[in-house]
Structures are given as structure tokens and as C-alpha cells.
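Residue numbers (the working numbering): 1 to 695.
Quick caveat, the hints were computed from the structure, so don't treat them as lab data. Every residue, glycine too, gets a C-beta built ideally from N, C-alpha and C. Treat the hints with caution; some may be incorrect.
[Unchecked claim] Here are the simulated distance ranges between beta carbons:
1. Asp605 to Leu668: 20 to 30 Å
2. Gln643 to Asp680: 20 to 30 Å
3. Asn205 to Phe331: 16 to 26 Å
4. Gly429 to Gln251: 14 to 24 Å
[Said to hold, decoys possible] Below 20 Å or equal to it, Euclidean Cα-Cα: the simulated DMTMM-like pairs (lysine to aspartate or glutamate) are:
5. Lys355 to Asp374
6. Lys590 to Asp615
7. Lys196 to Asp220
8. Lys539 to Asp638
9. Lys539 to Glu560
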Amino acid sequence: MSNNSFLSQTATTVVFIDFSVSKYHTLQTGIVEGVETVILSPDRDGIEEITQVLQQNPQVNSVYIVAQGSPGSWYLGNTHLSLDNLDKLQDYQSLITTEKIKQILLDNNNGGFESIFDRGNGIAFADLQGAQSNNYQGSSFPIPQEATSVASADYRINSLLNGYKWGVTSINFSFYSGGSYYGSETDLGIVSDGIKNNVRTILNNVIAPLINVNFVEVADSASSYGQIRYLLSTSPGYAYAYYPFSTDTNQGNGNDRAGDVFLNPTNDNSSSFGGFQGGPGTHGYQTIIHETLHALGLKHPGNYNGSDVGNPPYLPYGEDNWDNTLMTYNFNSGAEPSTPMPYDVLALQYLYGAKSYNSSSTTYNFNRPDLYSDGSLTVGSTLYYNKLTIWDSGGIDTLNFSSLEANASGYRFDLNAGGWLSRLTDFNGTGYNVNAGPPVSFTSGTSYYATYSGTRLAYGVTIENLINSSSNDYIIANSTANVFSGYGLSNTTGADIIEGANNLDTLDLSEFTVASVTQTQSGSDLVLGLGLGSSVTVKNYYDVSAASRIQIGFSNAINEITGNPSINNGRTPIVGTAGSDWITGGPGAKTITGGAGNDFFVFTDLRDVGQRITDFTVGTDKIVLTQLISSINYIGIDPIADQYMRFVAGTGSNTGSTFLQIDRDGILGSATFKNFLQVDNITTTQLNNVNNFVF
């Protein structure tokens with residue numbers, strides 16, 4: 001049997017199905033004995049391929065064609081048939097006779113072509129979308145398949161489903177070793193060791209960790225081969241693959257092309273960016289992943305397919321890029337992916353299930369935002385910028401960015417599922433015009449934006465902890481309990497910003513005492529000064545109540561002193577140490593002296609009224625009213641500006657002191673201002689400064 005003579009010599013009926021058709025699985029799924037199916041290549045003239053098959057199989061006397069249609073036209077392979085080129089089909093009437101062609105089913109045709117084609121040929125046309133039963137107008141269509149996939153409720157997934165999947169959890173693969181072949185592809189060859197190594201890495205280390213499938217390499221011969229098979233051939237201009245439309249049972253016929261991947265031998269090299277021997281970050285490496293995902297059941301997400309149209313549904317233009325899927329044809333949307341991207345992962349896991357992977361606590365150590373190690377695998381390219389996706393199914397996980405090189409623009413780390421880990425300037429920094437498919441190659445006038453390079457967290461991933469970089473980090477918390485760390489007394493960590501944090505989260509400043517960190521209110525933000533040019537800004541800190549704010553963990557290297565209300569009714573004076581003190585007065589009128597060092601005078605309730613600070617030092621000491629302000633249900637940013645607090649100069653024997661007065665329901669409420677705290681040796685102007693307080 002020659003390479004192109006792949007039909008059984010006893011086959012008298014054949015169904016030709018165009019590669020672009022996605023809905024033919026709604027027809028009869030059983031294989032009628034004696035009838036065979038041929039899937040037309042997307043990179044060949046469909047008429048020529050049909051003609052070739054029939055020339056080599058003169059015993060065939062009944063031909064059915066299932067093709068992609070549009071009003072007034074239809075498609076076979078890379079040929080578009082219409083009034084303009086109908087004569088091309090008529091040139092083959094000596095081979096494709098009226099008697100042989102029994103019926104043509106057109107997908108998405110919506111009528112119109114029948115009148116064009118009806119020139120005495122007597123061919124019956126039908127709408128594929130209406131052929132929902134096993135028998136349509138008395139014709140049986142034996143279209144075999146491995147397993148069908150049904151649409152999900154997620155447009156991101158649906159844009160990548162072609163309708164088929166492998167129905168097993170162990171998929172074998174092989175590399176063509178020579179000899180006869182059951183398809184029509186020409187100039188077949190054996191892939192190089194470089195390609196083989198890339199395929200093994202991609203299947204076992206890139207795709208297998210995502211889905212509940214094991215890939216098993218098997219020996220290859222003319223009569224026994226893998227479900228997914230890698231071959232060299234000059235038939236594709238660059239590369240293409242067949243969907244898993246058949247069980248691929250080593251029967252030596254056209255159905256066995258399901259899952260086969262063809263690579264043009266011109267690109268079997270490592271010297272060019274498009275070479276299939278190239279490593280992560282190259283277009284060749286990305287293409288092997290792309291074609292392998294076709295072999296697993298994923299389609300293009302846009303209206304394109306080689307030189308022809310695609311299969312709907314499609315992604316919105318602004319999402320059809322390498323940020324979301326490496327199945328896109330928008331090759332100008334940043335660096336090349338070296339893993340399936342988040343939409344690809346969603347679709348693959350929808351088809352095959354999500355694998356339990358790195359389910360224990362895992363630390364991801366980053367050398368670049370697009371290059372990391374999880375302790376067992378290094379993912380990404382050391383030579384090229386690229387895009388990656390992390391899939392992690394559980395555990396308490398940490399992203400460690402402490403080894404990132406210093407970057408003047410800083411980094412952006414979004415811990416939410418689907419979030420980007422990238423350089424700040426790379427995030428949404430690449431503009432592209434979308435590939436809209438035939439007849440328009442690229443749209444003009446509308447630009448969309450993608451992230452140039454970095455790593456995304458797959459949907460369904462939860463990351464708990466983050467160790468920052470030495471640069472300015474913009475950190476976005478997720479809804480779980482996050483711990484943000486990496487801040488030290490001797491290392492510079494930039495001017496970090498934390499957004500979206502709440503009371504479940506912790507900012508680890510355990511190397512710092514409360515006294516060594518300046519705390520400044522800036523609008524609704526809290527700015528923590530760490531020294532050495534380092535700081536942390538907690539966004540919207542004052543927009544929520546104290547109980548809802550991020551927890552800040554300081555060192556215990558501060559003296560904690562608490563008044564005892566059971567002794568002398570809490571009126572015993574408190575005197576601090578020569579160091580930094582955290583003094584909680586508690587109820588009972590008393591004097592409090594902080595002494596040297598940075599002191600924090602803490603008042604938690606309006607019952608702490610009547611106390612007196614003897615040595616408050618502006619710029620060094622703080623009055624902490626966090627719990628007290630929360631207890632009166634104040635939810636603003638600045639209780640001084642909002643007139644819940646005011647400052648009144650002392651008179652008589654208290655001249656030189658300032659009284660802090662509090663109105664528990666504000667100036668607009670029914671309550672009135674009452675003296676709460678006396679502070680000696682300070683003017684009202686000096687004390688009336690939000691930076692003297694911690695709210």
C-alpha cells in the first residue's frame with residue numbers, strides 16, 4: 001500500500017470531511033461496515049486530495065462530502081469554491097462523477113449554493129446543522145470518533161473546543177520510524193532527536209502536570225504506532241495536526257490520522273527561532289505545544305485556520321492573544337508562550353480533568369518573572385523572554401521573588417487566579433492589531449493590549465504567601481490569608497504597594513520594632529517607612545474599620561507595659577523604660593511617662609478617660625487610638641478632620657498642656673466634646689497633626 005493509498009481495497013463508500021467542520025459529530029457515530037472516512041487536510045487543495053484518493057481507489061462508487069459552507073460558497077481544504085472558481089471543480093468531472101457524489105452536507109451554509117452548483121449534476125445538498133439523527137434523508141454517515149466534548153458554560157473554554165477528545169486517561173505517542181503511511185501527506189520523514197526531546201518534555205513536564213492523563217511513549221512501525229504520532233512532511237507549509245476524531249486503533253486507514261502531528265522538515269533545526277529543535281521561548285517550541293493541543297482536541301480561538309476560516313465560537317478580539325491562549329494566531333501579542341496559557345488550561349482540564357499537582361506546600365523561586373523553579377522542575381527560558389502558567393492544586397504556597405534582579409520600573413505581582421507576575425512596564429504594555437481571519441488579515445485602527453512576558457496563575461490556583469523583591473513591588477492580594485514578607489533591617493526592598501489586603505492578611509515586619517517604623521497617613525493609605533529607602537504603602541487602609549485592616553507583625557523587641565485597674569482603681573502612675581515602650585494605660589486616671597526611646601501610648605476605650613502624658617515627643621512618640629476609634633463606630637479616614645476629635649489649650653494650672661477632646665458621634669451628632677486626654681508641654685498646633693496618632 002503506497003503512502004497515499006490508505007483506504008481499504010474493499011471500500012466502495014467514502015465520506016470526505018473537511019478539516020474545518022466542527023459539528024459533524026452530530027451525525028451517526030457508528031462505523032458502517034465497508035464505509036470509510038477521510039479528513040481533508042487544511043493545507044491542501046481539497047479537490048486535489050479527493051481526486052487523488054479516488055484515482056488510487058477506483059473501487060469507490062459512493063462519495064459523500066461534509067464541508068464548511070457560507071451563503072453562496074463552500075470550502076474544501078484550502079480551496080474556496082464559488083461562482084468565481086466553480087470551473088475548478090468541473091475540471092475533475094471525469095473522476096468525481098455525478099454517480100459517485102451522492103450528497104454534500106454544508107455546515108453554516110444557510111442556503112444559496114445549491115442554485116450555483118445545480119447544473120445538471122444531480123447532487124443532493126443538505127444542511128449539516130439539521131442532520132441530528134443517525135439517518136439523514138436515508139443516508140448513513142459513518143463518522144467515527146474517540147469521544148465528543150460538549151460545550152461548557154464558559155465562553156473561554158468553548159472558544160477552544162473542536163468537539164473531540166481522547167476518551168482514555170493513558171494516551172500513547174510515537175515518532176514515525178519510516179515505511180508506509182495511511183494518509184495522503186507527502187515526503188514523510190523521521191523527526192530529529194532534538195524534536196523528540198522537546199516532545200517528551202512538553203508531554204511529560206508541561207502538559208501532563210495539568211490534566212488527568214498519562215502520556216506513554218511506544219515503539220513505532222508501519223503497523224503499530226501511537227495515538228499521537230509525530231512526523232516530518234512537506235505537506236504543511238510549517239506545521240499542522242489532526243484532531244482526535246477517531247479511535248486511532250492501528251487499522252492502517254485514514255482514521256488513524258487522528259492525533260498525528262506534521263512538521264515541515266525545513267524547520268527541523270535549532271538555529272532558527274522557528275526551528276522545532278529550539279527550546280522554551282522559541283516559536284518552534286511553542287508550535288509543538290500548539291499542534292499537540294490540536295491533537296488533544298483544542299482549536300483556534302479566532303476566525304482563522306491556516307489560510308482559511310475558523311470554527312466559532314470565537315474569543316473577543318481583546319482576549320485573543322498569547323496572554324490567554326497559545327492557540328491564537330495573534331503572534332504579535334508579546335513573547336512566545338512556553339506552556340499552555342490559562343484559557344488553554346481551562347479547556348484541557350474541562351476535557352480531561354484537573355490533575356492533583358504540587359498539592360503540598362510549594363515554593364516557586366523566580367530568577368525572572370518568566371523563569372522559575374518549583375524545586376523539581378525549572379520552567380521557562382534562560383535565553384528568551386516568554387510567557388508561562390503555573391498550575392498548583394493545593395497546599396500553602398509561596399512565590400519567592402527575592403532573587404529577581406533590581407528593576408528601576410519595579411514589578412507587579414497579582415496573587416489572584418489568572419493574575420500576572422511580571423515587570424510593571426511589561427503588564428499590558430504590548431499593543432497588537434488582531435488577526436480577524438479571511439478575508440481580512442489584520443484589522444486596522446483598533447489596538448488591543450497584552451503583557452509582554454511573565455507568569456500567570458492558572459484559574460483555580462490559590463497562592464498564600466509572597467516574598468518580595470529588592471525593587472518597587474506592586475502587590476495585589478487575593479481573598480485567602482496572605483503573608484507578605486522579605487522585609488529586613490539590612491536589605492533594601494524598594495517602595496512596595498499592597499492593594500486589596502484585609503484582616504486575613506499579614507505584613508511580616510518581624511525584624512522591625514514598632515518604634516523603628518514610621519507610620520504616616522497619606523489620604524486613605526498607610527505608609528510604613530522602613531529606613532534605607534524602603535517603605536510599604538497599604539492602599540485604602542483607612543477606608544475600612546480597624547477590625548478589617550491588614551495585620552502588621554512587628555518584632556517583640558519593645559517593652560509592653562499595661563496599667564492594672566485592680567490596684568488603686570487603676571490610678572497608679574506608669575513610668576516607661578529607657579527604651580521603646582508600648583504602654584496601655586487602661587481605665588483609671590493616672591499620669592504616664594514614656595521616658596527615652598520611641599513610645600506608644602495606647603488607649604482602647606472611652607473609659608480610659610482622665611489620663612495624662614507627661615513627656616510626649618513630636619516625631620518620636622505616637623498616641624494609638626485604633627481600638628478606641630473603632631469602638632465608637634467611626635469608619636472614616638481622619639477623625640480630626642471629621643471633627644470627632646479636637647484640641648483645646650489648658651488654662652490656669654494646666655497652662656502649657658493641651659487637652660484632646662472626643663465627641664463619640666461627631667460634630668453632627670447629639671453628643672458633645674469631652675476631655676479625654678491631657679498632654680503636657682505641647683501646644684494645640686503641635687499636637688493637632690494626624691501623624692502624632694495611629695488610628
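Find the hints from earlier in the document that the structure breaks and name them by number, from lowest to highest.
-> 4, 9
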